Amino acid sequence: MKALEIKIDKNLCKGCGICVDVCPKNTLESSNEVNEYALFYPRVRDLDSCIVCRLCELYCPDFAIEVKEK
Amino acid sequence: MITANYIKNEYIRRMPSAFCPGCGDGQILNAIARAIDHLKLPRNEIAAVSGIGCSAWIPSPYLRVDSLHTTHGRPIAFATGLKVANPKLKVLVVSGDGDCTGIGGNHLLHAARSNVGITVIMVNNGVYAMTGGQVAPTTEHEYKTVTTPYGNPAFALNVSEVVAAAGASYVARWTTWHMNQLIRSIEKGLTKKGFSFIEVISQCPTYEGRILNMDHIQMLHWFRDKFKTDEKGVFRIGEFVDIEKPELTDELQKIIEKVRK
Chain G
30 MKALEIKIDK NLCKGCGICV DVCPKNTLES SNEVNEYALF YPRVRDLDSC
80 IVCRLCELYC PDFAIEVKEK
Chain A
29 MITANYIKNE YIRRMPSAFC PGCGDGQILN AIARAIDHLK LPRNEIAAVS
79 GIGCSAWIPS PYLRVDSLHT THGRPIAFAT GLKVANPKLK VLVVSGDGDC
129 TGIGGNHLLH AARSNVGITV IMVNNGVYAM TGGQVAPTTE HEYKTVTTPY
179 GNPAFALNVS EVVAAAGASY VARWTTWHMN QLIRSIEKGL TKKGFSFIEV
229 ISQCPTYEGR ILNMDHIQML HWFRDKFKTD EKGVFRIGEF VDIEKPELTD
279 ELQKIIEKVR K
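These protein sequence lines are chains G and A, in that order.
For the first sequence, the residue numbers in the numbering used here are 30 to 99.
For the second sequence, the residue numbers in the numbering used here are 29 to 289.
For the record, the hints were derived by calculation from the structure and aren't laboratory data.
Here the structure is a predicted model, which is why all the values come from computation and not from measurement.
Don't be surprised by glycine CBs; every beta carbon is placed ideally from N, CA and C.
Treat each hint with caution, since some may be false.
To be verified - Distance ranges between label pairs, derived from CB positions:
1. A:Asn134 with G:Lys99: 48 to 58 Å
2. G:Glu34 with A:Lys273: 42 to 52 Å
3. G:Met30 with A:Asp258: 50 to 60 Å
Unchecked claim - Straight-line C-alpha distance at most 27 Å; calculated DSS-like pairs for lysine-lysine:
4. G:Lys54 with G:Lys31
5. G:Lys36 with G:Lys97
6. A:Lys256 with A:Lys116
7. G:Lys54 with A:Lys256
8. A:Lys220 with A:Lys289
9. A:Lys221 with A:Lys172
10. G:Lys97 with A:Lys256
11. A:Lys68 with A:Lys220
12. A:Lys254 with G:Lys54
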């Protein structure tokens, strides 16, 4: 299973980094970009490594991340 | 496939939430919404009751079901009334550890004793988080809080064992690291006839984590490494009680039918 797109809603994200921690394939990484509340939201490091386990969606406290399947 | 976007559009009233970054309450909101979705419960057959505290904010503005935001420590008392008035309703109480055991401990014991058919989710972070991180009945021995800077001299209340001894039908304890187990437990609790109690150990990065020198990621790793279902862990999690018992509203209905004859 491959991901088509990983959408991160940067204005819902509070930059807690739980998604980066729970990702088993290190698809996500923390970035230096900030949203309008000056919080560091994550970015996709390597989209091809995503196995669509949706752990980031399950653990995200703010419903800010969405994985679209191919 | 259940996606977070579907859950958000279907069960969440509004986002972003007022919770701190890294707070476990958002994860518990996610778990409750997913459990309701897995059971395919109609939204007008479920009511959520909450008291006062950070965790009381989980159902009251955010979960898209009928909700009742009540006085401090009394959500179980209000929920009992709601259940007795309308026994068909599935009543879900979301309460914090200070709300549920500190101020409203009496109600918790008597709801478990009378086995009224409500589901109580107790979010346990070990401190009174909304008022600034004071020591709570669930703070572990020698753990530092804002009001006990040299360590807690008292001992923590093992709430799950107390509720199990008081006679609840279903008792489970999970952490925010164990999301799938937690969702399954909430599903079991909502379908259970009698009193079901689910304790969720949650992280408070703002008041607990700052004093203990941990961020929320380290706390989640602490839950992963130290909380086990067998004797290997420092703290015990899992399902403790899963029995069938006569339920309060059924017994009340029996009395009504007996008296009417």
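Unsatisfied constraints (hint numbers, rising): 3, 6, 8, 9 and 10
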